[in-house]
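Just so you know, the protein sequences line up as chains A and B, in that order. Each residue of the first sequence is one higher than the one before, starting from 1 at the first, in the UniProt record's numbering. Each residue of the second sequence is one higher than the one before, starting from 1 at the first, in the UniProt record's numbering.
The reader is advised that the hints may include incorrect statements.
Heads up, the list lumps identical chains together, so a pair's fine if it works in one copy or across two of them.
To be verified - Distance condition first, Cα-Cα at most 25 Å in a straight line; then the derived SDA-like pairs of lysine to any residue:
hint, residue 1, residue 2
1, K23, R227
2, K287, I413
3, K55, T183
4, K23, R223
5, K23, A280
6, K55, D32
7, K55, R222
8, K23, R222
9, K79, G199
10, K79, W121
11, K23, D40
12, K287, G352
13, K287, G433
14, K287, D250
15, K23, G199
16, K79, A284
17, K287, D248
18, K287, P28
19, K55, A35
20, K23, Y198
21, K79, T344
22, K23, R42
Derived from the structure by calculation, the hints contain no laboratory data.
2 protein chains.
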Amino acid sequence: MPQFLTTSEPSFETAFTALLGLKREDAPDVDDAVAAIIADVRARGDAAVIELTAKFDRLDLTSATLAFTAAEIEAECAKVSPEDRAALELAADRIRAYHARQLPEDACWQDEHGATLGWRWTPVSAAGLYVPGGLASYPSSVLMNAVPARVAGVERLVICCPTPGGVVNPLVLLAARIAGVDTIYRIGGAQAIAALAYGTETIAPVDKITGPGNAYVAAAKRRVFGRVGIDMIAGPSEILVIADADNDPDWIALDLLSQAEHDESAQSILITDDATFGRAVAAAVDKRLETLERRAIAGASWLNNGAIIITQDLEEAARLSNRIAPEHLELCVADPDALATRITHAGAIFLGSWTPEAIGDYVGGPNHVLPTARSARFSSGLSVMDFVKRTTLAKMTPGALAAIGPAAERLAISESLQAHGLSVRARLDRLNGGAE
Amino acid sequence: MPQFLTTSEPSFETAFTALLGLKREDAPDVDDAVAAIIADVRARGDAAVIELTAKFDRLDLTSATLAFTAAEIEAECAKVSPEDRAALELAADRIRAYHARQLPEDACWQDEHGATLGWRWTPVSAAGLYVPGGLASYPSSVLMNAVPARVAGVERLVICCPTPGGVVNPLVLLAARIAGVDTIYRIGGAQAIAALAYGTETIAPVDKITGPGNAYVAAAKRRVFGRVGIDMIAGPSEILVIADADNDPDWIALDLLSQAEHDESAQSILITDDATFGRAVAAAVDKRLETLERRAIAGASWLNNGAIIITQDLEEAARLSNRIAPEHLELCVADPDALATRITHAGAIFLGSWTPEAIGDYVGGPNHVLPTARSARFSSGLSVMDFVKRTTLAKMTPGALAAIGPAAERLAISESLQAHGLSVRARLDRLNGGAE
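Bound-form chain A, shown alone:
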C-alpha cells in the first residue's frame, strides 16, 4: 500500500510537500560520454555512427545500409496483422484530425497610422524523430510525433530508431509509413542525435528533434539544443485521478496501474473525497497486481511513488491537483466539466469515468507527449506548434513613420544607441525635406 494521506491531518502539508518534491529518477551522469560521442560524429560522420552502432547495438552497418530500404519497410509492414494495421490507421486518422485544428493562423492588419502589422507561420523544414528501440519502442509514439510534424507541413521527416542486434519492430515501421515519414535510419543513442543535429555524409541535418529516449539520448538532446530545436526532456510518466465514491474501484485501480506499469519511476496518485472509496481502490490495485504481467514494475511504482489522498471535497482536490500540475489528469466525478474549470495546470484532462487515460495514449486524438515532473505549470504537450515558427511583420508608410518614429528615436537615444536613432532620423528628415 502506498502513502495514504488525509488533508485534515496536521501532518498533511509536510507529507504533501515531500510527495511534490519526491525524486523518482536517478539519471546517471552520462554527459561526458555523450559529449565525446557528439564530437566523434561531428568529426568523422558516417564512420563514427557506424562504429558506435556496432559497439552499442551489435549491428554492422555501412553508409548504404544506415537507412531501411523501401523493400525492407514493405517486408516488415507485411508482417503486421490486419487488425493491428486497422487500429494504427484509426489512431493516425484521429490524431491527424485533432492536430489539424491546431494549425495557427497568419494575421495582418493596419493600425491607425496606416502601418501594416502581422505575422506569418512557416513550418520547420526538416524534423527528426527519435524512437527508442527494444521494449520502449512504441508505434503510438511514432504517430504522436510524426503526424503533427506532417500536419505542420514539415518537408523532410526522418526517424532514428535503433535495432539492437538487428531486431525490428514491424509496427514501428508501419506507423512511420502511415504517418508519412520519409526515411528511417536504424541508429540510436547519442550518435543518432548528433547525426540528426550536425549531419553526416549520408544523413542530412534536421532543424528540430523530438521524441523520447534514454539518458544518453536526453543528454545529447540537451547538448544540441540551440543548434537545433528540441521538444521537452521528458521525465517518468505520471497520472492523477480525482474520483468521487460513485466509481467502480476496479476501473480506477486499472487507470492508476496503466501509468505504474510503464516504469518503476512512474507515479500514480488518487485524490478522492471518500476515504472508504480510497481504501477500496487500494484493495483493487492489490488484487489486479496479483495477475498483472508487469506486476513487478507496476507494484514497485505504486508502492514507492503512488499515493492516495483524502480531501474534504472536490474543490480541495482541484487545488491540490494544481499544485501537482499533473501530466495526465482524470476527473472521474459527476460533473467533470465543472471541475475542469477549476484546473489551472495539467498536461491533459480526461473527463468522466468513461474516459480512461489509455484512450489518450492511443486513439483519443490529443497528443500523448505531455509535460512531466510538474512542468505543466509552464509548458504544453507536443503539438503542431512545435513544428512551426512565427515571423513577425511590420511595414511603415512615410505617414506611420512620421507618427511613431520620433518616439523610437527618443528611446534609442535614452538607451545610448545612436545609430538606432539616426536610422529613424534620416528618414524623418527626408519627410521634412531636410535631407534632400
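Please arrange chain B on chain A, whose structure you already have, making use of the hints.
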C-alpha cells in the same frame, strides 16, 4: 571594409558557408561557478543572495531591501522627462495592442462518435523577468518581456535587475511600472536566476523566467530549465538587409550600423543585386563610422562579422536569406510583400525602405526578443504564447468508447502494456453487460 562576396564567383559557396559558420562569440565557461551559486542560494536563501550581491554588485542589502519600495520606484520614475515617459507609453500601448492579438483560442468540438475533444489555454501563474544592469539595461526590453506576460494573464510578475554600486536606471523602473510589474528586486546574476527558480524566504519562486543576461545568467537559465520554463538563450544580435539599388545608401548604412553598435559580436549583412550600390553602402558605413558615438564597437562588428553579398537577382537573395535564417530581415526593395513570400525562415521582417529595423526595437508593436544564431529555422520570437500553456481535453461517451476503445486495447496489447488495455476492456465489458 568587411567581406565582399559575389555569388557568381567560384569561391562564393565556400566563403558563404564560412560566414554561416562564423563563431562570433567566445562564451566563457562559467558553468561550475554558476552551479555553486545556485546550490548556495538553494541552501541558504536570502543570506546567499545578499552576500553574492555585496560581492558582485558592491551593494549591501537586507531581506527587507531586496525589493524596491513603492516610494523608491515613485521617486525614480519622477526623474524621467515627460518626453521619455510619453515615448515609453506609446511603445507600451503599441506592444500591448500587437500582442493582444496573439492570445490563442480555446477549442471544443464533438467527433462523429459523440466524443468531446478540445483544449484550453491557461496563463503561467508567476513569471520572472531578468533585466541586465549597467550599459545593457534597456527599458525597451522590460516592455517587450513584461507586456506579453501581462497580456497572457500572468498573475504575479516580478523583475530582477541588478543595480551595481546602487546605480538605478529610472527608465527601467518606469517601464516596469507602465507594464504592470508587481515587484522589482535589485539583484542580478546567477543568484537572481536561482532565487526566481527555487525561491528564498523573501522571493517566491516563479514558473517561467525570461529576459537576456550575461554568460552567468545564460548558464543559470540553462541549469534551472526544467524546474522552470525559460525563453531562449539569446546570442549576439544580427541583421540582414536585402536592398535593391533604388535606396539611399546612407539609410541602409545606418540600418546595418544599428545592429553593429550593439556589440562587437553583432553581425550586419547586406545582400544586394547591384555591386555598385553595395560599394556605395560600404562607403556610407565608413563615413558614418567616423562620427558614430559607438564607432569602436560598431566598427569592429562590421569589420569582423559584417558582409556585403552581391547576387544575380533578388530571388537568389531570398534563397541566401533562408540559409542564414536571420533574426532581423529588412526588405528594402520595390515590392517587399512579394519578396517576403519567398522568405521561409526569419525572426522578423521589416517591409520596405520606410521601415528601419529600429522601429521594431521600440515602437512597431512586434516583439524585439527574436531568435538569433540561425535559430529562426525552428523557433519564434517572444510572444504571449511563451506565457500560456495548453491543456488538452477528451471526454468519451459510452458510445464513443465502444467505437474507438477496441483499437486502443489492441494497440496497448501490441505494446505489451496490459493494464492500459484492461482499463479500456473493463469499461467495454460493462457496456456489453459482461461485468455487471
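Status of the hints after comparison with the structure:
no.: 1; hint: K23 to R227; in the structure: between (30 Å within a copy, 12 Å between copies)
no.: 2; hint: K287 to I413; in the structure: between (73 Å within a copy, 20 Å between copies)
no.: 3; hint: K55 to T183; in the structure: within (23 Å within a copy, 55 Å between copies)
no.: 4; hint: K23 to R223; in the structure: both (23 Å within a copy, 17 Å between copies)
no.: 5; hint: K23 to A280; in the structure: neither (28 Å within a copy, 63 Å between copies)
no.: 6; hint: K55 to D32; in the structure: within (18 Å within a copy, 32 Å between copies)
no.: 7; hint: K55 to R222; in the structure: within (23 Å within a copy, 32 Å between copies)
no.: 8; hint: K23 to R222; in the structure: both (20 Å within a copy, 20 Å between copies)
no.: 9; hint: K79 to G199; in the structure: neither (32 Å within a copy, 55 Å between copies)
no.: 10; hint: K79 to W121; in the structure: neither (40 Å within a copy, 42 Å between copies)
no.: 11; hint: K23 to D40; in the structure: between (33 Å within a copy, 20 Å between copies)
no.: 12; hint: K287 to G352; in the structure: within (24 Å within a copy, 71 Å between copies)
no.: 13; hint: K287 to G433; in the structure: between (87 Å within a copy, 22 Å between copies)
no.: 14; hint: K287 to D250; in the structure: within (9 Å within a copy, 80 Å between copies)
no.: 15; hint: K23 to G199; in the structure: between (36 Å within a copy, 19 Å between copies)
no.: 16; hint: K79 to A284; in the structure: neither (38 Å within a copy, 69 Å between copies)
no.: 17; hint: K287 to D248; in the structure: within (14 Å within a copy, 81 Å between copies)
no.: 18; hint: K287 to P28; in the structure: neither (34 Å within a copy, 58 Å between copies)
no.: 19; hint: K55 to A35; in the structure: within (17 Å within a copy, 34 Å between copies)
no.: 20; hint: K23 to Y198; in the structure: between (34 Å within a copy, 16 Å between copies)
no.: 21; hint: K79 to T344; in the structure: neither (45 Å within a copy, 41 Å between copies)
no.: 22; hint: K23 to R42; in the structure: between (35 Å within a copy, 16 Å between copies)
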